[in-house]
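Asks: Sequence:
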Amino acid sequence: MPDLPPADDLLKLENQTCFRLYAASRAITKIYQPLLAEIDLTYPQYLAMLVLWENCEAVTVRTLGQRLMLDSGTLSPLLKRLAAKGLLLKTRGKQDEREVYVSLTEKGTALKEKARQIPELLLCRVLEAQLPVQQVNERLDQLLEFLTGSDQAATV
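Under UniProt numbering, the first residue of the sequence shown is numbered 1, with each subsequent residue one higher.
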């Protein structure tokens with residue numbers, strides 16, 4: 001086990017890696033907010049739409065939850081709001097009615113065009129900080145893989 005600094009030092013906010021991740025996540029989400037407001041989505045809704053835009057076919061709610069690392073208690077209301085906006089449809093499985101599938105409506109598919117500029121605009125903002133984006137992403141994937149004990153990070 002590595003030598004640890006004194007306990008009082010460990011309890012300082014500036015020594016908390018988790019706080020840095022939390023603060024960076026909040027800052028990035030704040031940058032997204034005005035961009036997403038233009039297409040009437042919240043950040044979690046945008047993430048769900050990204051997964052749906054990747055897939056040409058319907059995906060199960062379970063698969064969507066796994067990709068987004070969200071439990072059903074968080075995902076269900078999010079999907080309900082997207083359905084209320086007319087962006088997606090929820091249907092039951094033909095062979096197993098317990099399975100719920102989510103697919104894009106025409107309106108949901110069309111929204112992809114409006115959203116195309118968002119990653120580019122955010123990337124420009126990040127590049128202004130002169131960060132090696134690919135290396136940062138790789139390190140975050142490694143951390144996520146270690147913390148979750150899986151290779152799910154590569155699919156996020």
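Do not rely on the hints blindly, as some may be mistaken.
[As the list claims (entries may be wrong)] Heads up, simulated EDC-like pairs for lysine to aspartate or glutamate below, C-alpha to C-alpha not over 16 Å straight-line:
#, residue 1, residue 2
1, Lys90, Glu57
2, Lys112, Glu14
3, Lys85, Glu106
4, Lys94, Glu38
[As the list claims (entries may be wrong)] Cβ pair distances, simulated, as ranges:
#, residue 1, residue 2, range
5, Pro77, Thr105, 12 to 22 Å
6, Ala129, Glu99, 35 to 45 Å
7, Arg125, Lys80, 50 to 60 Å
No wet-lab data here; the hints were simulated from the structure.
None of these values were measured; they are calculated from a predicted model.
By construction, the Cβ of each residue, glycine as well, lies at the ideal position given by its N, Cα and C atoms.
Asks: Hint by hint, note whether the structure agrees.
Replies: How the hints compare with the structure:
1. The suggested pairing of Lys90 with Glu57 holds, with an alpha-carbon distance near 12 Å, which does not exceed 16 Å.
2. Taking the CA atoms of Lys112 and Glu14, the gap is near 39 Å; set against the 16 Å cutoff, the hint is violated.
3. The suggested pairing of Lys85 with Glu106 holds, with an alpha-carbon distance near 12 Å, which does not exceed 16 Å.
4. A C-alpha spacing of about 37 Å is found between Lys94 and Glu38, which places the hinted pair above 16 Å, so the restraint is violated.
5. One distance hint, 12 to 22 Å for the beta-carbon pair Pro77 and Thr105, holds here, with the actual separation near 19 Å.
6. Roughly 43 Å separates the CB atoms of Ala129 and Glu99, a value that falls within the hinted 35 to 45 Å.
7. For the hinted restraint 50 to 60 Å between Arg125 and Lys80, the CB-CB distance of approximately 31 Å leaves it violated.
Comparing the model with each numbered hint stated earlier shows that hints 2, 4 and 7 do not hold.
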